[in-house]
Amino acid sequence: MSVVTRLVALGGSWGGITAMQTILRDLDLPDDAALVAVLHRQPIRSALADVLVRGSAYPVEEAEDKAPLRPGTVYIAPPDYHLLVEPAWLSLSTEEPVKYSRPSIDVMLESAAEAFAHRLVAVIVTGASDDGTAGARAVHRRGGTVIVQDPKSAEQAVMPRSVVEAGVADRIAPLHELAATIGLAVRSRPGPGHE
Amino acid sequence: MSEPDLPDPATEPNASTDVESVELDVFLEAIQRVYGYDFRNYARASLRRRLWRRVHGEGRHSLTGLLEAVLHDPQAMERLRVDLSVTVTSMFRDPQFFRALRELVVPHLATYPFVRIWVAGCASGEEVYSLAILLREEGLADRVRIYATDVSEQVLEQAREGRMPLDKMKAYSSNYLEGGGREGLSRYYTVDGRWARMDPTLRDGVMFARHNLATDGTFNEFHLVLCRNVMIYFDRTLQHRVHELFDVSLVDLGILALGARESLVGSPLESHFDVIDAESRLYRKVAG
Ligand SMILES: C[S@@+](CC[C@H](N)C(=O)[O-])C[C@H]1O[C@@H](n2cnc3c(N)ncnc32)[C@H](O)[C@@H]1O
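Just so you know, the sequences run in chain order A and B. Mapping the first sequence onto the numbering used here, position 100 (from 1) lands on 100, and the numbers just tick up by one. Mapping the second sequence onto the numbering used here, position 203 (from 1) lands on 203, and the numbers just tick up by one.
Careful: at least some of the hints might be erroneous.
Derived lysine to aspartate or glutamate pairs resembling DMTMM-like cross-links, with alpha carbons at most 20 Å apart [unchecked claim]:
#	chain 1	residue 1	chain 2	residue 2
1	A	Lys152	A	Asp170
2	A	Lys99	A	Asp80
3	B	Lys168	B	Glu153
4	B	Lys170	B	Glu183
5	A	Lys99	A	Glu64
6	B	Lys168	A	Glu95
7	B	Lys170	B	Asp199
8	A	Lys99	A	Asp130
9	B	Lys168	B	Asp192
10	A	Lys152	A	Glu165
11	B	Lys170	A	Asp80
12	A	Lys99	A	Glu177
13	A	Lys99	B	Asp83
14	B	Lys168	A	Glu96
15	B	Lys170	A	Glu96
16	B	Lys168	A	Asp80
17	A	Lys152	A	Glu177
18	B	Lys168	B	Glu183
Calculated from the structure, these hints are not laboratory results.
Using the sequences and the hints, build the whole thing.
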């Protein structure tokens, strides 16, 4: 299996690293799925991938330009670049920050919605801005599933609450149930061989 | 949810996307044929983003609507062309790259009596001035000629002026020091209102010229080529064309510098280059 047919796209900011670690620890993806993530952070070269890979069942890579999407791999946006999703690979851009953010969750989700449509599961976790809401709307419009961390369980409620208030959240779950919720949602999307 | 013999909208291949990708192909083909602007091998996701911004900007509702506007109104095409190119840049972007230039590349360049450098996709010149400062501090400036090229005449005009927003200089200054700067950045500019004017003598060995990496060929032999954060806007096919262009434009053992998240992995030209330093994306063309 070498093609990614279903994708999970995750966005978070304040507290997002811890949230994502929790998710990666319990995540169980089907063989044709990959995960891409944008976490806001300072634009310095950091060892975020090294932090996230601890306890993760999947390898974690900082995305390279035009990296082919490989199943069973977690990609995170590099500092100071937007991460865009194409049907078979990832692309980077240095366009202006969107809502003061580069990488921007909206940019990542909008491109992923275009590339994966109803085979996409978007996840918005803890964060202190409303980046991600426009992206979640695009995912919703294109038939993807939107999962939101329950704002009550989020370190910062602004980001998940904004998506809930936009009316595009398909499921809301506390942090410790997110991995299972994501796994189920991905499996309910059409897999390889299903149009 | 759906009736047994009605297609389920959640599993139908989305018709709107298919139409849109046809529109996009037609769009790119048309502006290439009418205006000669060739964006056909640019990376689609970011291209789409910027095209849709113009769709809304021109009060249209689809790519076809935008195409109608730009085909019949050269000014609309001009607004589109400006919006399509991402020209964001900064001085000493990725300080560790400039440190590697000083430590790994300068000693090699110093072995040549005369050095030719190509900065491809130089945008408004921040990278070129950074390089010129570095070469001066390393005592190479007198023997170097820098060819700085870009597809956009507007940004080249800005680059020739050498004027940067003053409020950015603080960040540039710390980049410069982190990148191994030996003086203080303020030594290289004068303040003019809200602008920093770069020392005009930094431009002494620099030639700014228009060059399109998608369509133009080589124009000299170089000892060092910098092309950072330009090819990320291209698809693989066009990237490989440009790799080939750099391969023929470099002398044996000439050096190629790419952006922080770019590489030659998977390129047909990969075997023509050795990795000098993976972290700073520096490559050396193998002899032969
Ligand atoms: C994001 S800027 C990079 C500036 C600088 N090299 C840096 O790393 O900061 C990209 C530049 O590539 C230029 N560019 C895009 N397509 C090009 C082409 N086909 N040929 C030459 N330059 C191109 C754009 O006009 C823009 O100025």
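Against the structure, the hints come out as follows:
no.	hint	in the structure
1	Lys152(A) x Asp170(A)	holds, 17 Å
2	Lys99(A) x Asp80(A)	holds, 14 Å
3	Lys168(B) x Glu153(B)	violated, 23 Å
4	Lys170(B) x Glu183(B)	holds, 14 Å
5	Lys99(A) x Glu64(A)	violated, 23 Å
6	Lys168(B) x Glu95(A)	holds, 17 Å
7	Lys170(B) x Asp199(B)	holds, 17 Å
8	Lys99(A) x Asp130(A)	holds, 8 Å
9	Lys168(B) x Asp192(B)	holds, 14 Å
10	Lys152(A) x Glu165(A)	holds, 14 Å
11	Lys170(B) x Asp80(A)	holds, 18 Å
12	Lys99(A) x Glu177(A)	violated, 29 Å
13	Lys99(A) x Asp83(B)	holds, 18 Å
14	Lys168(B) x Glu96(A)	holds, 15 Å
15	Lys170(B) x Glu96(A)	holds, 19 Å
16	Lys168(B) x Asp80(A)	holds, 16 Å
17	Lys152(A) x Glu177(A)	holds, 13 Å
18	Lys168(B) x Glu183(B)	holds, 18 Å
Hints 3, 5 and 12, counting from the list given before, are not met by this structure.
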